[in-house]
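Since the structure of chain A is provided, determine the placement of chain B on it from the hints.
Number of protein chains: 2
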Amino acid sequence: MRDDAKTPERHAYRMAKKQEIMQQRIARADKDQGILLVLTGPGKGKSSSGFGMLARALGHGMKVGVVQFIKGAFSTGEDAFFRDQPNVDYHVMGEGYTWDTQDRERDVAAAGAAWEIARAMLRDDSYHMVLLDELNIALRYEYLDLDRVLDDLQNRPAMQHAIVTGRYAPKQLIELADTVTEMKVVKHAFKDLGVRAQKGVEL
Amino acid sequence: MRDDAKTPERHAYRMAKKQEIMQQRIARADKDQGILLVLTGPGKGKSSSGFGMLARALGHGMKVGVVQFIKGAFSTGEDAFFRDQPNVDYHVMGEGYTWDTQDRERDVAAAGAAWEIARAMLRDDSYHMVLLDELNIALRYEYLDLDRVLDDLQNRPAMQHAIVTGRYAPKQLIELADTVTEMKVVKHAFKDLGVRAQKGVEL
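One line per chain: the protein sequences are A and B, in this order. For the first sequence, my numbering assigns the number 59 to the initial residue and increments by one for each residue that follows. For the second sequence, my numbering assigns the number 59 to the initial residue and increments by one for each residue that follows.
Only chain A is shown next, with the shape it has when bound in the complex:
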């Protein structure tokens, strides 16, 4: 399915569609619009930044959706905090990936089920913001079909913001995005000195 999706026709179709959207956006340049934001790179702060934007949206009274594509990769602090807030619809991908057992079929099924939840949010304009945390990892391992993900992102409601986090954002996603930040490690002291991951921060 990935290979099929990479055909020149498919690419041309998407680029034409993107151009159309670009032209619409330019035409209404003083209007509001939903932003597709990608937070990637090896530095710390990608998911935190997504969750910070979520908090800001909540401060504006917006309704937000979250799908976490890596279960427990992180501290569960966000989970505990955001689940209890009003206007938050929060999902964590079931079971997590089988890094150890490498049961690929199970991983594909789990990621696919999580994407169905994400997709429903991306078709529902009552969500003002959708955070797809660590989606890039699911794409990196090809647990999800990239073209389907890109189509669903592109076809979301015009006013809806979408935020995608995770290392290794695919270049097609970067092309589609409005704003992309790469988080670079300037310094990561004590990484090899055995200091434990600390609650509330990533080391």
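Don't read these hints as lab results, they were simulated from the structure. Mixed in with the good hints there might be a few duds.
Which copy is meant is left open, so a pair is good if it fits within one copy or across any two.
Below, computed lysine-lysine pairings styled on BS3-like, alpha-carbon distance capped at 30 angstroms [unchecked claim]:
id, residue 1, residue 2
1, K75, K229
2, K121, K75
3, K245, K75
4, K229, K242
5, K245, K229
6, K121, K245
Note that the structure is a prediction, hence the values are computed from the model and not measured.
Quick look at chain B alone, frame taken from chain A:
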């Protein structure tokens, strides 16, 4: 005061102190410790990331302090959201800088008063995390004495996390920090096309 603080003696003193702390940290490498994290660079997501970490800390039941060194530079979404949370002590620097009138004395006084609040948090181990949002800007314009800020950060309680955000982190702060992330702009579409800043995200 800045010039005086840059003397070789002052630098040697701080480096010796840092070395001592480094050695202590290495000695207890399997222990918990407070992290000094700096989020800098031109890309979007610095403050958001700090606020996301704040949310995570709150999810862990921690008590947090926030001092914002730029008033209203941002949407006030965080403010509205975090002010109402339990365990949050939230301060915004009074009045804001006089970018237009360039009343430097007033700016220095406002930043200094904000630092006094920050400093009190940095001396109080009941705060598990202190977020110093956009502090780097106050340092950049030399509204605060860098050495005083560095000393207060260095002398904070051993278990307390401190997060400093803003472009142009001074190199002495980067030296002192445990972890530093630089946010790089990969893409910032529509910046020049007149799309307005959107609630809940930075464009």
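Of the numbered hints stated previously, which ones are contradicted by the structure, given in increasing order?
-> Of the numbered hints, all hold.
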